[in-house]
Structure formats: C-alpha cells, structure tokens
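Asker: Take a look at the letters that make up each chain.
Number of protein chains: 2
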Amino acid sequence: MKDITEYQDLVEAQIEKLNTHPTDLSLYDPVSYILSLGGKRIRPVLTLIATDLFGGIVEDSFKSAIGIEMFHNFTLLHDDIMDEAPLRRGMPTVHEKWNINTAILSGDVMFVQAFVMVTSCKTKYLRDVLDLFNVTAIEVCEGQHLDMEFETREDVSIPEYIEMIKLKTSVLIGCSLKLGAILADANKEDANNLYDFGLYLGIAFQIQDDILDVYGDASLFGKQVGGDILANKKTYLLLKALENANTEQAKELQSWLNDNNNPQQKVKAVTTLFTDLNVKKQAEEMMWSYYDKAIESLKKINLPKDKFQYLLDFATNIMERVK
Amino acid sequence: MKDITEYQDLVEAQIEKLNTHPTDLSLYDPVSYILSLGGKRIRPVLTLIATDLFGGIVEDSFKSAIGIEMFHNFTLLHDDIMDEAPLRRGMPTVHEKWNINTAILSGDVMFVQAFVMVTSCKTKYLRDVLDLFNVTAIEVCEGQHLDMEFETREDVSIPEYIEMIKLKTSVLIGCSLKLGAILADANKEDANNLYDFGLYLGIAFQIQDDILDVYGDASLFGKQVGGDILANKKTYLLLKALENANTEQAKELQSWLNDNNNPQQKVKAVTTLFTDLNVKKQAEEMMWSYYDKAIESLKKINLPKDKFQYLLDFATNIMERVK
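These protein sequence lines map, in sequence, to chains L and C.
Be aware that the first sequence starts at 1, since it is given in the working numbering, and climbs by one per residue.
Be aware that the second sequence starts at 1, since it is given in the working numbering, and climbs by one per residue.
These aren't lab readings, by the way, just hints derived from the structure by calculation.
Check the hints yourself; a few may be wrong.
Copies of the same chain are indistinguishable here, so a pair counts whether it falls within one copy or spans any two.
What the hints assert, rightly or not - 30 Å max Cα-Cα, derived DSSO-like pairs, lysine-lysine: (1) K266 <-> K234; (2) K63 <-> K124; (3) K188 <-> K122; (4) K234 <-> K97; (5) K124 <-> K2; (6) K188 <-> K268; (7) K188 <-> K300; (8) K233 <-> K293.
Generate the whole structure from the sequences, applying the supplied hints.
Answerer: In structure tokens form, the structure reads like this:
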C-alpha cells in the first residue's frame, strides 16, 4: 500500500495526461477547466486503494478511477447551476465563466465521458461495474433532488437528512471503493463490506463537515466558518436544534433564520443557541455512531492485518479533523 | 416483419408498462411526463425492425429500444431549456411546467435511466452496445453544441451544417438500427452498413424537413410553415441562398433577416428569394444524394429479398413526404 499522497500524485498525473478534449469543439473547454481546478481527488484515490487492498493491478484501475472523478465533477458542474454558486475551489463556476447553456451541455458530455472511462475496464468486470455505477449515479441525482427540496420544506426530519447526505455524497464514496474491489477480483461479500465502510464513513464525514462549519478553525477548515448558518442550511445541527428547542428558543432561532442583515451577530447568536441546545454533542455522537458502523463493516472484510490497519488509520485520520 | 404501426404499438405498450418512477420522489415526475407526450417512437421502432431483420427475438430488444427513446427524450428535455422552448408536442416543456433546475436534474436522472435500459441487454452484447451508445451520446451532445454555436456565427458553411444535423439527429437513427442488429447477432459488416443506411437516411430526412418547413403543406406537415424563416434558422436553404445570392439579393435577404416586425411578409419574401435562387431544387438534390447513399449502404447488407424490400419501402415512404 502507498501513502495517500502517492495515490493522489498517481491520479493527478493521469488527469494531466487525460484527453478531455477529443475534438477542438469549445464544448469541451469547461470539461478541461473544471478538472484543472484540482481538489483532493479522494474518490479515485479510494478506487486505487481498494484495488491495492485486494492485490489488484493499480494501473489497470486508472481509467475507471478517473471516470469516477469525472462523474463527481460533472455533478459539481450541474449542482453549481442549480445552487447559483459563483465560485468553485475559489475560481468562477462554469455557468459564470461561460453561461448556463454551456454548463448544461458540457456537463452532459462530461457525464458520457465519465461513463466511457468508468466502463473502459476489462470486459469481464463490465456488468458488475456498470450495475454499480448506474445505481450510484441515480442515487446521486436523488440526493441532489432531496437537498434542493429541503430548501423549501419546513418539516425535514433527521432521518430524512441522513438519507439525503447518504445519497448525495456517501454512496459515491462507497462506489469508489467497491469499484476498486471489483477490478481486483475481490469476492462479493468483501466488496459489499468495503462499500458499507465507505458509505458509513462518508456519512460520518458529512456530519463532521456540518460541525466544522460552525465550530471549526477557519484557518484549518478552509471554508468560511458560519457559512451554513448564514445560508440557513438545514444541517444536522439546525435540524437537531429545532427539535430540541423549547418555545422561546424556537422563537429566537426562527427570528435569526429570518434575519439576513446582521451576519456576524447571527453566526454568534445561532452558535450560542446550538451550544445551549447541546446539538454539538449530539452531532458528534451521531458522527461517531456512523464511524463505528464503518469500522464494524471494515472488520468483516477478509484482509491481512497490515491492510486492515491501513484502512483503520485512513478512517481515524479523517476523523482527526475534529478531535 | 411487421407493419411500422405494429412496432409502434409494441413500443407504446412497453412505455406504458415502464416504471419510470422507481421511488415516490417528484424528481421522476418530469420523466413520466415527457414520455407520456407521445411521438412517433421512430427510434425504438427502428431497433425492433433491425432485430427482426436479422432473425433476432424482438421481445429481447424491448428494453434497449425503450432506452434509446428515453435517451432521445432526455436530449429533448435539456435542449428545450437551452432553446427556451415553451412547448413540446403542444404541451408545456418541463422547464416551463416545473422550472429549469428540475429540468436539468430530472434530465440527468433520465439520462442514467436510459443507460440502465439500453445496457440491460444480455451480457454478451454489453461491450458492443455500450461502445455504440457512448459514442452516439457524445456525438449528439456535439451536434447540439454546433446547433447552438451556429446561432451566433455568420460564416456557417454547408458542410458544417451537414455535420451538425448528422451529429444532432442522424447518428441516433443509425445507432437505433445498429443496436437492433447487435442484439440479433448480425455480423459487424451488416450492422455497420445498416448504421450507414440510417445515418444517411437521417440526413436526407433532416434536409427534407428544412424544405417542408418552407414549402410544405401546413395541414400535412404538422408544424407552422415558415417557422424556420421567422426564426432566421440557418437551414440548408438559408445557407445555400446566402451562397447563391448576388450583392443585391444578399442585401435584400439580410434586410429580411433583420426584420422581426412583419412575419407574413417576411415568410413570403424570403420564400420568393429562395425560389429565385434555386435553393429548393438544390436542397432536393442534396436530399436525394443522401437518400442514394442510404440505398447504396442498404444494398451492401446481406438480407433476403423481402427484408431488403421492407427497408427500401420504409426509406421510400419517408421520402414520399415531399413527392
């Protein structure tokens, strides 16, 4: 097994070699652009790790791994239109740099390019790879749908929220790992347990993200702390706070939700309410419960000790962010 | 072989049985909606015909055939956003009935559903089917890109126009036929010649559409005659007219292109200019040249006489529209 950074370097080198521009049509400019914006490349890295875990040939998984990264970037491209996001990784989003029509159509072609890459595996793996990827792609669309729907709903429950983050982000983490397992001839049970490991770790990671958005150290977190509060985002923390609040607290919380004129005070007051309502602790408990599920799934996989330890360290490192 | 209407009935029955709504998420409402708007279902019909031609089991091709129709409808859904089209088959378009975000995301999930359906063939055909469909999907995106790009370009050439209609519409006709051939174990050469037959017939059909839009009988054509002229659409006729015009005629044509206030006079004057410039005849020649290429490809296919005749009659019937 290699260090995460080594896998990242391998992925980055592959992306640099990639011909995302098969013709000179400007249709492909946004594809090259969004892929050039970088990122941690965590999904293809997971595919390569999974291939390595089961003794597969990492190089044979490159194309499928990059396909997953392309699919992820396609979803970012379309999500950014829907969210009217001006920036992505500090750079203009595609619909801002070009226009909405370009973002729709370049996204569509990028989606097909992702399919081409993912399915350019050996034909003997094709059916399993395709079934996994198709289901995942559908679920990711469903997750984005729920996320948008929640914006206008006042009755989102915690289980619905967990279902949304599972579909929107975690299934693709599980898929990335299982893909690598399939390409390394892992048996079905191991591949499914590895999927579950990724799925649960993904949910834990997302809840952690909600916590860090409020309680994180801005310089380490890399995002504006309080961003979710300012956007009235229905995170685990807000939903739990609404659940826990007595009439008076609910009134106060609601009045801050309606206030868009005092950002600094809003972040401070809502954070204080969150703390008073014990939601940070409850969010952490929920996060650790999903972490525990991830580790339970990990233990079920038939792996030599050193490879088990590798994944355990990986999971622990991810959770280190809040410790 | 069955009558076209029988194949259409088979397709329609399959679409009615289709579970386009696998969960109760409203994400799937537009998918069910656009598929319910009807249409001639020509693409899946062609897949079934092709399967029948080579002695395949038509029922085994149902799912893949419907997948092609779903893909086609997905492209309509996204194209309608880009074209700001208010109506589709006389009914509100998805972005009008819902909103742009819904149209983007429901389109995306429909795209995946199309992949699932197309690739739910027997695994032994999977690689060939996937390679064909992936290439075609990419080409269709490229065609839509060119079509949009042409709107703002003043120097579109006839070969570029032919390339655009080939990518935007004809490759999917070729793909529909070749898909059926693959699923019926046809040999590669026959499958490719059948693809070419569809490709060239598709181009002929599209040029015919340009002609009918100007010279057709409104009651038979089913669209507003003169629509392309009013939209300044860069059809074969307009491009050829601009090519043929002398300075004075070019000036007159240009002044009508800039005039959006006198629709009736505009249609009449531009039609007269087209006739004076001999473009109807040239368009018909071009159309027949592609028809001839289609028949040449047809002749190369190893088919019993009655099946050859079936496809010949099909092609002739399509061309009958202008006769």
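Asker: My question is about K266 and K234: at a cut-off of 30 Å on alpha-carbon distance, are they close within one copy, between copies, both, or neither?
Answerer: Result: close within a single copy only, 15 Å intra versus 55 Å inter.
Asker: Up to 30 Å between alpha-carbons, please classify K188 paired with K268: within, between, both or neither.
Answerer: Neither, since 49 Å and 68 Å both go past 30 Å.
Asker: I want to check one pair: K234 and K97. Are their C-alpha atoms no more than 30 Å apart within a copy, between two copies, both, or neither?
Answerer: both (29 Å within a copy, 27 Å between copies)
Asker: With identical chains treated as interchangeable, where does the CA-CA distance between K188 and K122 reach 30 Å or less: within a copy, between copies, both, or neither?
Answerer: both (17 Å within a copy, 21 Å between copies)
Asker: Go through the copies and call it for K188 and K300: within, between, both or neither, with a Cα cutoff of 30 Å.
Answerer: For K188 and K300, the Cα distance is within 30 Å only inside one copy (12 Å; across copies 46 Å).
Asker: Given a CA cutoff of 30 Å, do K233 and K293 count as a within-copy pair, a between-copy pair, both, or neither?
Answerer: within (26 Å within a copy, 59 Å between copies)
Asker: Go through the copies and call it for K124 and K2: within, between, both or neither, with a Cα cutoff of 30 Å.
Answerer: Only inside one copy: K124 and K2 sit 27 Å apart there, 36 Å across copies, limit 30 Å.
Asker: Which holds for K63 with K124 at a C-alpha limit of 30 Å: within a copy, between copies, both or neither?
Answerer: both (16 Å within a copy, 22 Å between copies)
When each numbered hint is compared with the structure, a violation occurs for hint 6 only.
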